[in-house]
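> Single-letter residue listing:
There are 2 protein chains.
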Amino acid sequence: MLRLTLLGTGAAGGVPLYGCECPACKRATEHPTFERKPCSAMVEWGNGSAKERLLIDAGLMDLHSRFPAETYHGFLLTHFHVDHVQGLFHLRWGTASPIPVWCPPDDQGCADLLKHSGCLNFLPTMTHGEPENINGLRVTPLQMAHSRPTFGYLLEYGVKNIAYLTDTDGLPENTLSFLSELPPLDALIVDCSFPPDHSGRNHNNINTVTQIYLDLAPKRLIITHLGHDLDAWLMEHGVPEWLEIGRDGMTV
Amino acid sequence: MLRLTLLGTGAAGGVPLYGCECPACKRATEHPTFERKPCSAMVEWGNGSAKERLLIDAGLMDLHSRFPAETYHGFLLTHFHVDHVQGLFHLRWGTASPIPVWCPPDDQGCADLLKHSGCLNFLPTMTHGEPENINGLRVTPLQMAHSRPTFGYLLEYGVKNIAYLTDTDGLPENTLSFLSELPPLDALIVDCSFPPDHSGRNHNNINTVTQIYLDLAPKRLIITHLGHDLDAWLMEHGVPEWLEIGRDGMTV
Numbered sequence: 001m002l003r004l005t006l007l008g009t010g011a012a013g014g015v016p017l018y019g020c021e022c023p024a025c026k027r028a029t030e031h032p033t034f035e036r037k038p039c040s041a042m043v044e045w046g047n048g049s050a051k052e053r054l055l056i057d058a059g060l061m062d063l064h065s066r067f068p069a070e071t072y073h074g075f076l077l078t079h080f081h082v083d084h085v086q087g088l089f090h091l092r093w094g095t096a097s098p099i100p101v102w103c104p105p106d107d108q109g110c111a112d113l114l115k116h117s118g119c120l121n122f123l124p125t126m127t128h129g130e131p132e133n134i135n136g137l138r139v140t141p142l143q144m145a146h147s148r149p150t151f152g153y154l155l156e157y158g159v160k161n162i163a164y165l166t167d168t169d170g171l172p173e174n175t176l177s178f179l180s181e182l183p184p185l186d187a188l189i190v191d192c193s194f195p196p197d198h199s200g201r202n203h204n205n206i207n208t209v210t211q212i213y214l215d216l217a218p219k220r221l222i223i224t225h226l227g228h229d230l231d232a233w234l235m236e237h238g239v240p241e242w243l244e245i246g247r248d249g250m251t252v
Numbered sequence: 253m254l255r256l257t258l259l260g261t262g263a264a265g266g267v268p269l270y271g272c273e274c275p276a277c278k279r280a281t282e283h284p285t286f287e288r289k290p291c292s293a294m295v296e297w298g299n300g301s302a303k304e305r306l307l308i309d310a311g312l313m314d315l316h317s318r319f320p321a322e323t324y325h326g327f328l329l330t331h332f333h334v335d336h337v338q339g340l341f342h343l344r345w346g347t348a349s350p351i352p353v354w355c356p357p358d359d360q361g362c363a364d365l366l367k368h369s370g371c372l373n374f375l376p377t378m379t380h381g382e383p384e385n386i387n388g389l390r391v392t393p394l395q396m397a398h399s400r401p402t403f404g405y406l407l408e409y410g411v412k413n414i415a416y417l418t419d420t421d422g423l424p425e426n427t428l429s430f431l432s433e434l435p436p437l438d439a440l441i442v443d444c445s446f447p448p449d450h451s452g453r454n455h456n457n458i459n460t461v462t463q464i465y466l467d468l469a470p471k472r473l474i475i476t477h478l479g480h481d482l483d484a485w486l487m488e489h490g491v492p493e494w495l496e497i498g499r500d501g502m503t504v
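Heads up: the protein sequence lines correspond to chains A and B, in order.
Residue 154 in our numbering sits at position 154 of the first sequence; the count goes up by one each step and never skips.
Residue 318 in our numbering sits at position 66 of the second sequence; the count goes up by one each step and never skips.
Be aware that a few hints might be false.
With a straight-line cut-off of 27 Å between C-alpha atoms, the simulated DSSO-like cross-links for lysine-lysine are [claimed, not checked]:
1. B:Lys278 <-> A:Lys51
2. A:Lys115 <-> B:Lys367
3. A:Lys115 <-> B:Lys289
4. A:Lys219 <-> A:Lys160
5. A:Lys37 <-> B:Lys289
Treat the hints as calculated values from the structure; they're not laboratory data.
If we strip away everything but chain A, and leave its shape as in the complex, we get (with noise of 0.2 Å):
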């Protein structure tokens, strides 16, 4: 068994934004199942076990709450932006058994958790490319292309295997060509944050996404970290039937 759980789906911010009310905050306010909390997931592995349980990146900000200690393995960080670690400054304090993260190469962490780690075990940063086994699931880390140091991670367990690539602005070379090398993925949950021609750098478009795509052809493309101006141009234009949109809650 593998699979993946999207715990928030929306860019930093979320949907609804503060105070916003364009049409896509208004429906998320509404209709709580169109909200978008920070870009964040679960994955599980084998017989589902705490051990065979991990968070990717930390940005709700009730983890705590949701994630009571020894209910999950560790954290696996995509990068050090505060949306996506900013629910382990509360956490940390914990007197939990230390808790591993893995995390890209980045001394600044953010604020001062590194220097104030708590329970957090942050281990020996990983290497792009070079696969570890954390529990029985092959964990890879990939560049990404962002303005901090930042990993994709291929999940692989049994014959299936799952890529998760955010947040990033199309792929580098060495990430596209080591993708590009493996059969069609089982699926890919990829950064999608702007509507299509959306000059914000830093993160992918609806084009850069459909580029992707036609480079590898996997067999389920999903977005994540929607902005709200994604949404509403979402709202007035239909998708390509390769393209699924992701929801909180949402399992692949």
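Chain B: place on chain A using the hints.
For chain B alone, kept in the frame of chain A given last:
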């Protein structure tokens, strides 16, 4: 009317502390009335309109949902430690009208909060002992003894006054002499993180608070910013009659 509501009365990590099973944390898990969220407060004056409401510190993780845009005037920050500002990371990306933020002089801020301030309007920093008039409320910043530049605040409206002094280890001489020259305070809300004789720095323990009570003789003294160790100690020991234990939701 001058009213202060304690929104959170906990030290960093709160009570219950993540993964902890001490008597105080067990009690708070079983009876949410004993929970302590990150130390913060709301002050209301005059008619209590949205313009007459300030939030003191912003450590609540659900700040954005508890306080929608336009339901308060702005923030008074005591300092930039992450447990006092973490609720702003998510909220700042909103499209709300600029929200005024008063704070002590500290160019570092916290993570990228000052660099990417979004809808927050960080005002020119205040000066110890120099009052500002905020929509009729007289607010005087007072220097605290802490590891980062930190202000307590004297709040005055009509004939009533309340001092909110956290985070601090004792009181610096200039603050003590400023407050000593006033008539006795109606209420003093003060940092008390640790049991007596606890050697933790940067915060008061029961002994330092006793000294502050003897120095200032306020009409009421209420402790806030309690750690789980102090809560466990309080479950075993009585408190002197002059000392009130703050609770989340308590109104002064």
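> CA of Lys278 (chain B) to CA of Lys51 (chain A), is that 27 Å or under?
Distance of about 25 Å is within 27 Å: holds.
> Does Lys367 (chain B) sit within 27 Å of Lys115 (chain A), going by the straight-line distance between their CA atoms?
Measuring from Cα to Cα gives roughly 21 Å; hence the hint holds.
> Hint check: Lys115 (chain A) vs Lys289 (chain B), CA-CA at most 27 Å. Holds or violated?
Distance of about 23 Å is within 27 Å: holds.
> Against the 27 Å threshold, does the CA-CA distance of Lys37 (chain A) and Lys289 (chain B) hold or violate the hint?
Status holds; Cα separation ~21 Å.
> Given the proposed pairing of Lys219 (chain A) with Lys160 (chain A), does the C-alpha separation stay at or below 27 Å?
holds, 11 Å
Consistency note: the structure conflicts with none of the earlier hints.
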